[in-house]
Each structure stands twice: as C-alpha cells, then as structure tokens.
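Visitor: Listed below are the residues making up each chain.
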Amino acid sequence: MKRVVITGLGVTSSIGQNINDFWTACKDGVSGITEIKKNNLQVAGPKFGGQIHDFDPSKYIFVNNVAEIGRGSQLLISSMRQAIEDSKLKEQQYEYADFYIGTTMGEVTVEISDFNIYQGKISSDILLEQNQLKNMLVYASKEFNLKGQSSLITNACAAGNYANIQAFEQIRRNKTKVAIAAGTDPFSTVAYYGFNRLKAISPDKCRPFDKNRKGMLVAEGSACVILEELEHALARGAKIYAEIVGYGVSSDSFHITSPHPESLGIIRSTRNALNYAKITPEDIDYISAHGTGTPANDRVESHAINSIFGNKKPTSSIKSMLGHTMGAASSIESVVSCLAIGENIAPPTINFETPDEECEIDCIPNKAREFNMDYVINNSYAFGGTNASVVFKKFKK
Amino acid sequence: MDTKIEITGIGCISPWGDMPKTFVENIKTGAAYINLLKDFDLKKYISKKGLRTLPKSTKMAIAATKLAIEDSGYSLDTNWDEERVGVFVGNSMSYLNNINDFLKSVYVDGPESVSPLKFPNTVLNNISGWVSIVFNIKGINSTVNTGNTSGIDAIIQAKSYIENGIIDKAIVVAVEDIEQAVLHNEAPNLKNKDYKMTEMAVSIILEKSSKKHKYGTINDTLSWMEHTYKEGMIDQKVSQIIQSTTNINNIIYGSGNKNDSSILNFIENENLRIKVENPFTYIGTTYAVSGLIKLLIGIFSQGQSLIVETNEYGNNCCLLVEN
Numbered sequence: 004m005k006r007v008v009i010t011g012l013g014v015t016s017s018i019g020q021n022i023n024d025f026w027t028a029c030k031d032g033v034s035g036i037t038e039i040k041k042n043n044l045q046v047a048g049p050k051f052g053g054q055i056h057d058f059d060p061s062k063y064i065f066v067n068n069v070a071e072i073g074r075g076s077q078l079l080i081s082s083m084r085q086a087i088e089d090s091k092l093k094e095q096q097y098e099y100a101d102f103y104i105g106t107t108m109g110e111v112t113v114e115i116s117d118f119n120i121y122q123g124k125i126s127s128d129i130l131l132e133q134n135q136l137k138n139m140l141v142y143a144s145k146e147f148n149l150k151g152q153s154s155l156i157t158n159a160c161a162a163g164n165y166a167n168i169q170a171f172e173q174i175r176r177n178k179t180k181v182a183i184a185a186g187t188d189p190f191s192t193v194a195y196y197g198f199n200r201l202k203a204i205s206p207d208k209c210r211p212f213d214k215n216r217k218g219m220l221v222a223e224g225s226a227c228v229i230l231e232e233l234e235h236a237l238a239r240g241a242k243i244y245a246e247i248v249g250y251g252v253s254s255d256s257f258h259i260t261s262p263h264p265e266s267l268g269i270i271r272s273t274r275n276a277l278n279y280a281k282i283t284p285e286d287i288d289y290i291s292a293h294g295t296g297t298p299a300n301d302r303v304e305s306h307a308i309n310s311i312f313g314n315k316k317p318t319s320s321i322k323s324m325l326g327h328t329m330g331a332a333s334s335i336e337s338v339v340s341c342l343a344i345g346e347n348i349a350p351p352t353i354n355f356e357t358p359d360e361e362c363e364i365d366c367i368p369n370k371a372r373e374f375n376m377d378y379v380i381n382n383s384y385a386f387g388g389t390n391a392s393v394v395f396k397k398f399k400k
Numbered sequence: 151m152d153t154k155i156e157i158t159g160i161g162c163i164s165p166w167g168d169m170p171k172t173f174v175e176n177i178k179t180g181a182a183y184i185n186l187l188k189d190f191d192l193k194k195y196i197s198k199k200g201l202r203t204l205p206k207s208t209k210m211a212i213a214a215t216k217l218a219i220e221d222s223g224y225s226l227d228t229n230w231d232e233e234r235v236g237v238f239v240g241n242s243m244s245y246l247n248n249i250n251d252f253l254k255s256v257y258v259d260g261p262e263s264v265s266p267l268k269f270p271n272t273v274l275n276n277i278s279g280w281v282s283i284v285f286n287i288k289g290i291n292s293t294v295n296t297g298n299t300s301g302i303d304a305i306i307q308a309k310s311y312i313e314n315g316i317i318d319k320a321i322v323v324a325v326e327d328i329e330q331a332v333l334h335n336e337a338p339n340l341k342n343k344d345y346k347m348t349e350m351a352v353s354i355i356l357e358k359s360s361k362k363h364k365y366g367t368i369n370d371t372l373s374w375m376e377h378t379y380k381e382g383m384i385d386q387k388v389s390q391i392i393q394s395t396t397n398i399n400n401i402i403y404g405s406g407n408k409n410d411s412s413i414l415n416f417i418e419n420e421n422l423r424i425k426v427e428n429p430f431t432y433i434g435t436t437y438a439v440s441g442l443i444k445l446l447i448g449i450f451s452q453g454q455s456l457i458v459e460t461n462e463y464g465n466n467c468c469l470l471v472e473n
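Chains as they are written, first to last, in this note's numbering: chain L, 4 to 400; chain H, 151 to 473.
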C-alpha cells in the first residue's frame, strides 16, 4: 500500500481568503461572524453568520464564465486554485487526478431560495439547469481540465472528510498518484431557516463547549487539500505538510438530526480511525473537534472525547471563529490539522467564558497553544448520523 | 482488475411492479411517456412508526431496501453484523421536491411557522440517513450526487469501502422521485413527444465473498470526467475495455445524449458480435436510477455485460457485471 501525503492547501473563509491570512487569523482567534447581509432572509431583527465579504471570484476563475456559476462553485474553484498553485504541480501531473468534492446544500439553496423564483418571476426551467448539483464537479473539472474519477459526496457536514477519505484510498491503493479533495458550501438560507426552526442558532456568538452556548451560526466557505503519493511528492521535491495515516467512519442509526445520546456512533468512528492508523488514544496530540456550539452536540462530543482520550487532550473548535461552514467545515478543519501539526500550534476555541461540567475537556480556550504534535485527529459528524474522522501524522521519511 | 463483488439481493419499486425480473420484462412493453409510481404506500412494505412524513423518495428507498434485504436471505432482525454493513445512495433530483416543499411553507406560513420536520428532508443525505436508521445499519451511510451516473457512482463508492476492508456488505440504493419539481421543470422537454421519464427505486445488496452466487458479480468499474464533449471519446474508452476484457456478451448503454449514437455506431462499424440494449429508448430518463436499471438488465442477460452510463456534463462510468 502507498503512503499518502498532503502537498497543497487552499482555503476561502470569512477570516481569510488565502492560507496565510486564514492561518494567522486562526491563531489570533479572529472572529469572522458578522450581521447577515441577505436581502431575502425573512427573519426579524439582526442575525449573525459567517459570510465572506469582498470575495472576488474573478481572481480565481479564468475558464468558466463567473456570472453563470453559483457561489458554491466560485468558492470551490477559489480554494482549488490556491491548493493547486500551492502544490506546484504542473497540469500534466494533476489533469488525471481523481477529485472528490463534499457539500451539504450544494448550489441549490442559493438559487432556489430566491424569493423571485418562488414568485415565478424567473422561469422555472432555468431553475433545474442552474441547480444541478453535479454542476460543481463540472465547473471544477472545466476550470482545471480535470479528467480523473470524480464524485460529489453529499454527506452533509461530514462531506469534506468523506472527500478526503475517498481521495486517500485511491492513492493508497495505487489507483492514482495525485488526488484533490475539497469541501464547499455557500451561505444557505434554507439552512438558516431550518436551523432556526430547530432552535439551533445562536443569537450572537458561537461558543463551543461553553456552559452558556446557545447554538451554531450558519456560515460559508471552501477548502481544498492536494493528496499525493509519497514517492511522487518526494521525486518532484514537493513541500509536504502532513501525512494521512488513517480514518474511521460510522453511522449512528439513531436519529436524522440528533446525535446518539451516548455518543456511540462518534466513538466508533474515532476508534475505527485510531485502529486504522494503528495508534492508541495516547498517541493523539490534538483533536480538531466538530464543536458546533449546540448544547446537545457539544455535550455528546465531549462525552466521546472523555471516554476515549480522557479530559486532558487539547481540543479546539474553529467553528467558534467561522461559524458552521457545512460541507466545507471538515475540509477547512483538515487544512487546520495540517498547519497545526506543521507549526506545533493549535488554534483556540474563542468566546469561551464559563466551563460546563457536561463538557469537561481542554478546549484550548481563547488563546492558541504551542506544543509538540505528532498526530492530529479531525472529527466530523453530520445530519443523517454519518460520522467521519481522519488521522494526520507529522511527516517523517 | 479489482476485487469481484457479488450481488446477493435486489429490491425494486417501479410503476410496473416490485420484482426485478417482472420489471425487466415489463418495461419494454409497459412504459408510457411519464411513468409515475402512483398509489405508492410504504405501509405495504414496512410497519414502523415515524416514517409517515418522510419524502416520497426516502420512502421509495426504504421500500426497495426492505425487498432487497429479504431477497438476499437476511432478515430485518439483523442476522448480520450491523457495524460491518454500509448504505450508499445515489440520487439526482429528488431533493428539489423537498426544498420546494420546505420553502413554500416558509413563504406561505412564515419562517417561524414552517414545520421543523421538513428541514432534514432538504439535506441531501436524508435518504441514506433514514435507510440506516430503519434497517439499523451502523458501518457507514453515504450519498453521492452526480446526475444520472449517481447510481453507478454509489456502487463504485460501496465497492471501494468493501475492498478496503471497512465493511463486508453494502446496500446500494438509487432512487428518483420526479412527480413534482422535476416534472414541473422539465415541462419544455415534455413538449417533445419522444421525451420519456420514469420514477423508481432500485436497491441491491453487495458482498465481498459470498458463497451465494445469486444474481451476479461486479467484476470491474471505471469512472472518469470528460468536461468537454469530443466525438469518439466514449468509443475509445469502450474499445479499450472490450480489448482488455474477455467475453463481453452485451453492452447496455443509453443516457439520452450524444454518446448514445456514438457507441452504437462504433459497435456497428467494428462489426462486434455483442448484443446491444438501450433501455433509454423505451423507459426514458430515470436520472440517478439509470445505471442500476442497466445493471438489472445485465443481471438477467446471458454472460458478461458492459454497462455504460454517461451524462452530457461529462461524468462517465462503466461497469462489468456477469451473471
């Protein structure tokens, strides 16, 4: 079996539209949460979310017509272009790369939720064409002339990790030398209305693991990682951020929106990942948490962390800064895992004020922390009870 | 050559009946232009509380999976290790109905009045989530959305997780509910009298090393992207597969795009002694289910079949199935 390393990173987020800005903001604990600017959002009072302001897609999109493609695809292409450029791969080295994209809502919510469409002011036959989910794959393929195996994985908020897993296995089994894994989601009004009705949205800040946490915040973003077979990367002198050494998946089989109260599904995905990587819980140095900031999710996740790792393992949630970027979340957290392991710095969980006896974990409150990291686990859990964890290792020949 | 995967169970919910063999025989003669699953009632298949408000597509997937599990010889009392079983769903358009349904309520009743039960239906993986809940599947549940190649892509994903030792068995479901949004949005196409559409669900059980050689074996899969249509490109791929594979008896193709005539011309020009079948001509578009319909036809044909599924956006895949 082949070893798989990460040789390119890209991210477009509310706290930075390139790797350097994003990582600096992440370490500084900068919040990307602002009052939502969305003309057709029909809810009373000021509402907050993680929108990306001043995003200029024309800086990244050169082949597709920017005006014709949805914001999810625009964000996707921006992070893919950054990652490909960062990897310094030549087109002939990546054109047959397999590529996997994860998303929760796809383009559909942006287009279909426009009130004009509902009122019939826009022809409905255009609607179908614009909202085909697979468009994301097509636009990305066209932009970068990609011809390999591809898939749009729609596993809600764990979709980014599932994209990583598919890409990892294709290289590990020597089906391809290079693979591209990305996650993307535009700000979704459907998600906003839905989480609002589930009473899962915080009125102001996202406070993961805090006793007074009041919920998550809907956000948007995209991230991309380039995975490469080790010998291929070494032969061309590529910069190697980290190695992927294992993953675990599971299905709660419990409830369509709520996690299993005894954390059974997420405990299984974490243990499966450790077993795959042939390491013990003690080997993990940092946990990139799912950490949405909802009372139930954080309680259940803390219980899982405690039962596997004990309550001293450094853990943080960057959703405290970004909000929940849905299908992009675990992709962005993969980028964080790679950068953290490389610099031995873990980003903080900001907005943390009051410890919660139900979340007895070390959530790296409010200030980034420097310590040695050899292994990082990136956890993601989603609607439908689907869970995925990926283990990153500091690269050593 | 990849690991061979056995097909040990089939469940089919179609306008022409539930049993796959009946379905294959009936579609050629029974298909009309618009083939809807009328009077579908999940209670006929499974009695379980909490399913009444699910979208039609999710109910269809659950019913088809119930039939597939029973057909495979397993029972719903889980005489299998549920942590070693996964669910993989291919879907293309059904979510449009669910989002329309949710937003209509938002706009008519107000965002504070919409039923919170409707929101999870808008999330694209609700079908795989519900199938895993109803049938107690704990290995993995995953969804893929690549238009009419979704069904085959779900098989490719399932096969990968089996080959990698993550699971031993997989339920692969392709489902499409066209009744509301799709039908509405395809109205311009429906003016063309030759345009046909069908809604249905097909569920299959895949196993790595089953002693039961019940239906057939998936011998190999291939998937690639061709973002710009080039004449003859699909022929090259099909030609490569034919040359590298012994004993292909049938080619089952037809996705309603330019590739169809290209494949047919290639087979005729090369004078290949291979039986060809194009179900698109009599069943029309079935979106995500398209590949699994071809798979069923392959299973009930003699010998080894090459399934070819393409879409005009560039997703292409091939699958070799042998009965």
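Don't take each hint at face value.
Stated by the list, open to error - Here are the computed lysine-lysine pairs in the BS3-like style, where the Cα-Cα straight-line distance is at most 27 Å:
| no. | chain 1 | residue 1 | chain 2 | residue 2 |
| --- | --- | --- | --- | --- |
| 1 | L | K178 | L | K50 |
| 2 | L | K41 | H | K380 |
| 3 | L | K150 | H | K387 |
| 4 | L | K178 | H | K380 |
Bear in mind the hints are in silico, worked out from the structure with no lab data behind them. Only a predicted model underlies this, so the values are computations on that prediction, with no experimental measurement involved.
Visitor: Each hint: holds or not?
Guide: Cross-check of the supplied hints:
1. L:K178 <-> L:K50: violated, 47 Å
2. L:K41 <-> H:K380: The hint is violated at about 41 Å.
3. L:K150 <-> H:K387: holds, 13 Å
4. L:K178 <-> H:K380: Given that 27 Å is the threshold and the Cα spacing comes to 25 Å, the pair holds.
Violated hints, listed in ascending order, are 1, 2; each of the other numbered hints is respected by the structure.
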